Amino acid sequence: MKRHRAGSRLRAIAFVCVVVLAGMAGGAGAHSLIEAGNIYDSGNQCVWGFTSQQHAYNSAITRSLTNEMPIFQLPRTACAYANPRPNGYLATRWESLKWGPNVGRWIMCGTQGFEYGGGSEHGIGRPTTGCGAGYYALVGSHYVYNGGWLGGHLVTGYEWLSW
Amino acid sequence: MRSPVLAGVAIAALSVGVGLAASRSTEEPMHVPNPAAEEVMLADRFGNALRCRGRFVLVRRSDLGGSVPTMTPDQAVQSQTRARLGYPVATGRISPSFEGFSCAKNARGVETGDVVAHVTEPSGRASMRTLESTSD
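Going down the list, the protein sequences come from chains A and B. Taking our numbering, the leading residue of the first sequence gets 1, the next gets one more, and so forth. Taking our numbering, the leading residue of the second sequence gets 164, the next gets one more, and so forth.
Mixed in with the good hints, there may be bad ones.
On the chain A side, residues computed to face chain B include the following (Cβ under 8 Å) [to be verified]: (1) Ser32; (2) Leu33; (3) Gly119; (4) Glu121; (5) Gly123; (6) Gly125; (7) Cys131.
Covered, in the sense of this in silico footprint (three residues per stretch, anywhere, with C-beta under 8 Å from a C-beta of chain B), are these stretches of chain A [said to hold, decoys possible]: (8) 76–88; (9) 106–112; (10) 133–147.
No lab work stands behind these hints, which were simulated from the structure alone. Because the structure is a prediction, the values reported are computed rather than measured. Here a beta-carbon is modelled for each residue, glycine too, at the ideal position from N, C-alpha and C.
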C-alpha cells in the first residue's frame with residue numbers, strides 16, 4: 001500500500017515536471033505567426049495579403065483580385081476573382097520585428113525588401129535565424145499597381161519564440 | 164526518505180516554470196508594430212536593441228528598403244532584366260535582405276555611431292552595408 005502511494009506520488013511529480021518542461025519548450029517547438037486578408041478593396045481592384053513566419057521561414061504573398069468574373073459576367077462577388085496584372089505590377093516584402101523590453105519598442109530583426117512580380121499572385125520568402133528568445137511579430141507589405149501603388153500592411157499577432 | 168527529495172524536485176520545477184512565466188509577462192509587448200514609422204531600432208547579435216557609442220541607434224526604414232514600393236512597374240522589370248544579365252545565378256530578386264546589425268567602427272576600431280548591416284544581395288552574395296544613424 002505504502003509502495004503504491006509512493007508510486008502514485010512519483011508519477012504525479014513526473015507529470016508536473018513534464019508539463020513545466022513542455023511549457024518551457026513551447027516557444028521553440030512548432031510555432032507560426034500568420035495574418036491574412038483583404039488590405040485594399042475598391043471593387044474592381046482588391047489586394048489580398050498573406051504574411052507568415054513558420055518554422056524559421058518568413059514569407060509573404062500578395063494577390064490581385066477583383067469583384068467581376070472576367071469571362072462569363074457572373075454576379076459580382078467581393079474580391080472573389082483573380083485579376084492578373086503584367087510583370088512588375090505586384091510588390092511584396094516582409095520585416096521581422098522583436099520586442100525590445102529594455103527600450104519598450106519593436107526592433108528590426110531582419111527584412112526582405114520589395115520584390116516585384118506579375119499575374120494574380122506573387123510570393124517571397126527566405127529562412128531566418130531569428131534574434132534570440134523574445135516576442136516576435138511579422139509585418140508584410142502587399143501592393144498592386146493600378147495608376148499608383150494600392151495596398152498596405154498586414155501585422156501578425158506576437159508570440160514568444162525561444163529559437 | 165524519497166518523498167522530501169521528490170517534493171524538492173517538484174518545487175524546483177514549479178519555481179522554474181513560474182519564474183519563466185513571470186519573465187515573459189514582464190517583457191510582453193505593450194503595443195503592435197507600426198510599419199509606417201519612418202525610423203526603426205535594430206537588433207544586435209544578442210537580440211537586444213543595438214547601442215552604439217552608448218546610445219540606442221535609430222535608422223531610416225527607407226535605408227532598409229522602405230515599407231512602400233519605390234519603383235514603378237517599368238523600373239522593376241528593368242531591374243529584373245539587369246539582374247538576370249548581371250548575376251551568374253538568376254535569383255529573380257532585385258532587393259537586398261537585411262539580417263544582423265552591428266556598430267560601424269573606424270580604422271582605429273572606435274565606434275562611429277553608424278551601423279553595419281549584414282546583407283544578402285539579390286545575387287545571393289553576402290555583403291555589408293553601412294547605414295547612417297539618425298539618433299541624436
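Evaluated hints:
1. Ser32: This interface hint is violated because 17 Å lies over the 8 Å limit.
2. Leu33: Leu33 (chain A) check fails; min Cβ-Cβ to chain B is 12 Å, beyond 8 Å.
3. Gly119: violated (13 Å)
4. Glu121: The hint is violated - Glu121 (chain A) has no Cβ within 8 Å of chain B, the shortest such distance being about 15 Å.
5. Gly123: violated (11 Å)
6. Gly125: violated (11 Å)
7. Cys131: With a closest approach of 4 Å, the Cys131 (chain A) hint holds.
8. 76–88: Our answer is that it holds, as 3 residues pass the Cβ test (under 8 Å) against chain B, meeting three.
9. 106–112: holds (count 7)
10. 133–147: holds (count 8)
Hints 1, 2, 3, 4, 5, 6, counting from the list given before, are not met by this structure.
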